Amino acid sequence: MSFYLVQFLSGLATAATLFLVSSGLTIVFGVTRIVNFAHGSFYMLGAYLGWTLVERWGGTPLGFWGAVAAASLAVGLLGALMEVGLLRRLYRSPELFQLLATFGVVLVMQDAASWIWGSEDLLGRRAPGLRGSVDILDQPFPLYDLVLIGLGPLVLGLLWLLFNRTRWGTLVRAATQDRDMASALGVDPARLFTGVLFLGSALAGLGGALQVPREAVNLHMDMAIVVEAFVVVVVGGMGSLTGAFVASLLIGQLQAFGILVFPQITLVLVFLFMAVVLVIRPYGLLGRAEDAPPTAASPGPPLIAAAGMARWVPALLLALLAAVPLVAGDYALIVLTEVVILALLAASLHLLIGLGGLVSFGHAAYFGLGAYGAALLVKHLAAPMPLALAAAPLLAGLGALAAGWFCVRRSGLYFAMLTLAFAQIVWSVTFQWYGFTGGDNGILGVWPPDWAAGKAAYYWLTLALAGGALLLLRRAAFAPFGYTLRAGRDSALRAESVGINVRRHQWLSFALAGSAAGLAGGLYAFAKGSVFPTLMAVPVSVDALVMVLMGGIQTLSGPVVGAALFHLLETEAMSRTDWWRLVLGAVILVLVLAFPKGVAGFVRDLWTRGRES
Amino acid sequence: MNRRHFLLAPGAAALAAALCVAAPSASHAQAESQPIHVGEINSYTGLPAFTIPYRQGWQLAVEEVNAAGGLLGGRKLEVVSRDDAGKPDDAVRVAQELLSNEKVELLAGTYFSHVGLAVADFAARNKLPFVAAEPLTDAITWTKGNRYTFRLRPSTYMQAAMLVEEAAKLPAKRWATVAPNYEYGQSAVQWFRQLLSEKRPDVEFVAEQWPAQGKLEAGPTVQALAAAKPDAIFNVTFGADLAKFVREGEGRGLFRNRTVVSLLTGEPEYLDPMKDEAPEGWIVTGYPQEQIDTPEHKAFREAYVKRFNEPPRQGSVVGYATFKAIAAAVEKAGSTDAEKVVDALSGLDLSSPFGPITFRALDHQATMGAYVGKTTVKNGQGVMTGWRYADGADYLPSDEAVRKMRPE
Chain U
18 MSFYLVQFLS GLATAATLFL VSSGLTIVFG VTRIVNFAHG SFYMLGAYLG WTLVERWGGT
78 PLGFWGAVAA ASLAVGLLGA LMEVGLLRRL YRSPELFQLL ATFGVVLVMQ DAASWIWGSE
138 DLLGRRAPGL RGSVDILDQP FPLYDLVLIG LGPLVLGLLW LLFNRTRWGT LVRAATQDRD
198 MASALGVDPA RLFTGVLFLG SALAGLGGAL QVPREAVNLH MDMAIVVEAF VVVVVGGMGS
258 LTGAFVASLL IGQLQAFGIL VFPQITLVLV FLFMAVVLVI RPYGLLGRAE DAPPTAASPG
318 PPLIAAAGMA RWVPALLLAL LAAVPLVAGD YALIVLTEVV ILALLAASLH LLIGLGGLVS
378 FGHAAYFGLG AYGAALLVKH LAAPMPLALA AAPLLAGLGA LAAGWFCVRR SGLYFAMLTL
438 AFAQIVWSVT FQWYGFTGGD NGILGVWPPD WAAGKAAYYW LTLALAGGAL LLLRRAAFAP
498 FGYTLRAGRD SALRAESVGI NVRRHQWLSF ALAGSAAGLA GGLYAFAKGS VFPTLMAVPV
558 SVDALVMVLM GGIQTLSGPV VGAALFHLLE TEAMSRTDWW RLVLGAVILV LVLAFPKGVA
618 GFVRDLWTRG RES
Chain B
-17 MNRRHFLLAP GAAALAAALC VAAPSASHAQ AESQPIHVGE INSYTGLPAF TIPYRQGWQL
43 AVEEVNAAGG LLGGRKLEVV SRDDAGKPDD AVRVAQELLS NEKVELLAGT YFSHVGLAVA
103 DFAARNKLPF VAAEPLTDAI TWTKGNRYTF RLRPSTYMQA AMLVEEAAKL PAKRWATVAP
163 NYEYGQSAVQ WFRQLLSEKR PDVEFVAEQW PAQGKLEAGP TVQALAAAKP DAIFNVTFGA
223 DLAKFVREGE GRGLFRNRTV VSLLTGEPEY LDPMKDEAPE GWIVTGYPQE QIDTPEHKAF
283 REAYVKRFNE PPRQGSVVGY ATFKAIAAAV EKAGSTDAEK VVDALSGLDL SSPFGPITFR
343 ALDHQATMGA YVGKTTVKNG QGVMTGWRYA DGADYLPSDE AVRKMRPE
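So the sequences go chain by chain: U and B. 18 is the number of the first residue of the first sequence in this note's numbering; add one for each residue after it. -17 is the number of the first residue of the second sequence in this note's numbering; add one for each residue after it.
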């Protein structure tokens, strides 16, 4: 019995950290609607700053807690700085664009932390006065964890007071409910947002600084926490502090007791839980139904098919690309092969985001399913390449059909996180099913046959297949199917009322996008000769999203441009410097500030303006 | 109305792309005085704590080789090093870049097992010798071994076997295991269980924990292990997870009256960051660099400290020995021809900081060993005591068993 009590308390201590971080995220999201990827970086920064200050002052209880508070405030200031210097300039951009900006911040902060604090893990001092443990029913339990358990409800209480008993809190709640109305009544949203970013980041920093006595501060802390924080926010219901609190408690307990029953479940537990919650409850545990899905793409000017001369541009481009092997070497060809494949991946995601208004955080699942579909056929059935390539979109499409059925029943960030949950489930099955998928050691020897083995031959093959798929996607965008999809995006209610089954169209577009991504995955498998679960992991989903946003979501060419730009930048930076994340992040930030509508959107605007004048 | 241009931009991008990557690098004439190019790939941004000492190690080796007049009668050894971002698909692209643009004659490096396997497969496909430095997976030399791939470090199997030897001497009968939830952790636990049960049929395994790598929930995991009341614990976690596990385990009395047997924990990479909180009395594999006084190690340590002004780490030895092996192989082959270098590497004997080692012709595994001893804290630093050198050659399965595993 005493064991279960202590296990329960351990779960509570885990929950406390999780709550501190996710409460910040949910506040920021609730008010500003920004999907803040950099939140995990603020947590990591809080831990590093906390470590530095605790090493300096942490000998006494006052010094220790002062150091924690100072680290938290410093991180809060940095969050406010990010709002003033970066996000504020993007409020008129499509809503998702700020996500791209925060991703740039993530990359910059990773290298900055490594530059300032070095690469070695830093084990900080323990909290003075709280080093020991107390016996709870004969089981030793660390004192510090007891303090953390108390801190969770304390912070929740303080936040409640702040939001319900102060003028600032009331304004924030008003802005959460209706931003436009609040600003019409004379509340300056910019100042409010700065304050909210300060508060949210300070909470992340506090969570990080409080980890110093518990674990070694390291450079992987940002990624480890940010996804879980999003899970808590969504499970609790976006913008709901109490929801985040309840969700943290549940996840903490699930982790504490889940590993007793099934120790191998650690990889996927939180995502399984999120999937179940979202399937049962559309707005999380305590979230409210919203008037508009929050992260839907801003429609912008309608998409119109090219006419006249411009119609020949894709053909010209294709001819140009097809001629490249005449001048380029092997390496240039494999990079271009990758660009073409990634362009298809990005374009397939754009079908969802740009046309359907459905933002997926788990698109890598279908890319990976395609790659595995092809590789498994080669490995287990010794299938020839054409057959394996045909299987790729099929398996991915089936996977997307199954996951999509659940996902399209949710909207906005709930949709995004449900796609992420499915992607993580697929990833963990692939990762752990050693007998069938080879587990994390992957499948080797997936090389093309002799006739396609040459770099040029495989490049042409990729160009033909991916180019064909891109044309089909473009065709879909201008077919009645595409118009219907766009109608559903712009006004689901009106579309329904004229007799369109919006959900079914979204579902089909999800399957179509999934199978296109699957074809890309199949081509990628043969280009690399091996497949690994990393192909369906979160970073690939994020990369795909970044490519789409970088190019701009308002044009069909956007994702293609974005994929080329992102991939070439990354490969070039990687081969030149170890600080490539810093370079890539800085370029993204400059691009975001210079082209708030994406690169392709910018070019189009320029063209339009030129023609009008 | 605007209706045409959204397809112009990709044209420009593609053109830029073609120009940017198509520029062929200057072709290297294969003249006798030309340097010998070796391509090196590792996770410099993913795992800098391990890979930066490793890089310094190979830099030292390359400098020594070139200062001694280079190879094959005066050709310098030149290394082109790249980051793989910790991703196998990036590593394969980088390998292609090194092969096509830099015209490398050999590949070396990699840390993660899956990255190592991807590069090994690439090497076999392109008939390029590849000396895998760090990856520990058994598959790279056994079930997925190939003619062109060699591996320096003692594999998961070898390190587990070294610890089993010590574990079998303990009175402990009830064992619990904790390992990261991926192939490395799983095969370490699997070998440990199998080999220990063979030596000690009376032991039983009463609990297992599989935390996600980098995301160990220390409190619940420690508590769950303690609840099974094991006599001893086999630990495979490392890095930040290990520090968390040790702290929480001490706080909750998990290690009181229990022996812990732990993989890699004695390596300075993992022991140093824990400072005075390093665990006491754990039986570990590692590298007590400050205490090894064999002539070959002393020479290495002195040269390393002089060059980099810090003590070597396990990674430094791996980097150093990898490139010494490459130099020795090229010299033995008398040419940079891939097939000749592969033949030279098979059965290559050389002297490493750990003593003489051999790249076995049978499975291309080097017989480099590890140091087995106990941890303790001295002057506020974790160190190893009572250690001995376990020669890798003594901890490998029978030739016949290996032959059965390797594809022909």
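Simulated from the structure, these hints should not be mistaken for laboratory data. It is possible that part of the hints are untrue.
[As the list claims (entries may be wrong)] Straight line, CA to CA, 25 Å or less: simulated DSS-like cross-link-like pairs of lysine-lysine:
#, chain 1, residue 1, chain 2, residue 2
1, B, Lys211, B, Lys257
2, B, Lys181, B, Lys386
3, B, Lys85, B, Lys314
4, B, Lys211, B, Lys155
5, B, Lys322, U, Lys396
6, U, Lys396, B, Lys314
7, B, Lys211, B, Lys356
8, U, Lys472, B, Lys109
9, B, Lys322, B, Lys109
10, B, Lys197, B, Lys257
11, B, Lys109, B, Lys314
12, U, Lys472, B, Lys85
Remember, predicted model here, so these are calculated numbers, not experimental data.
Verification of the hints:
1. A hinted pair counts as satisfied when its Cα atoms are at most 25 Å apart, and B:Lys211 with B:Lys257 does not qualify at roughly 28 Å.
2. Taken as a hint, the B:Lys181 and B:Lys386 pair is honoured in the structure, with Cα atoms around 23 Å apart against an allowance of 25 Å.
3. At most 25 Å may separate the alpha-carbon atoms for a hinted pair to count; B:Lys85 and B:Lys314 meet this at roughly 21 Å.
4. With a C-alpha separation of about 11 Å, the suggested pair B:Lys211 and B:Lys155 falls inside the 25 Å cut-off, and the hint holds.
5. Simply put, B:Lys322 and U:Lys396 have alpha-carbon atoms about 31 Å apart, too far for the 25 Å limit, and the pair is violated.
6. Straight-line distance between C-alpha atoms of U:Lys396 and B:Lys314 comes to about 38 Å, which puts the hinted pair past the 25 Å bound.
7. Among the hinted pairs, B:Lys211 with B:Lys356 is consistent with the structure: their alpha-carbon atoms are about 23 Å apart, no more than 25 Å.
8. Restraint check for U:Lys472 and B:Lys109: satisfied, since their Cα atoms lie roughly 16 Å apart, inside the 25 Å limit.
9. Distance check on the hinted pair: B:Lys322 and B:Lys109 sit about 11 Å apart at the alpha-carbon level, within 25 Å; holds.
10. Of the supplied pair hints, the one linking B:Lys197 and B:Lys257 holds, its CA atoms being roughly 22 Å apart against a limit of 25 Å.
11. Between B:Lys109 and B:Lys314, the direct Cα distance comes to roughly 19 Å. Compliance with the 25 Å bound is thereby established for this hinted pair.
12. A hinted pair counts as satisfied when its Cα atoms are at most 25 Å apart, and U:Lys472 with B:Lys85 qualifies at roughly 16 Å.
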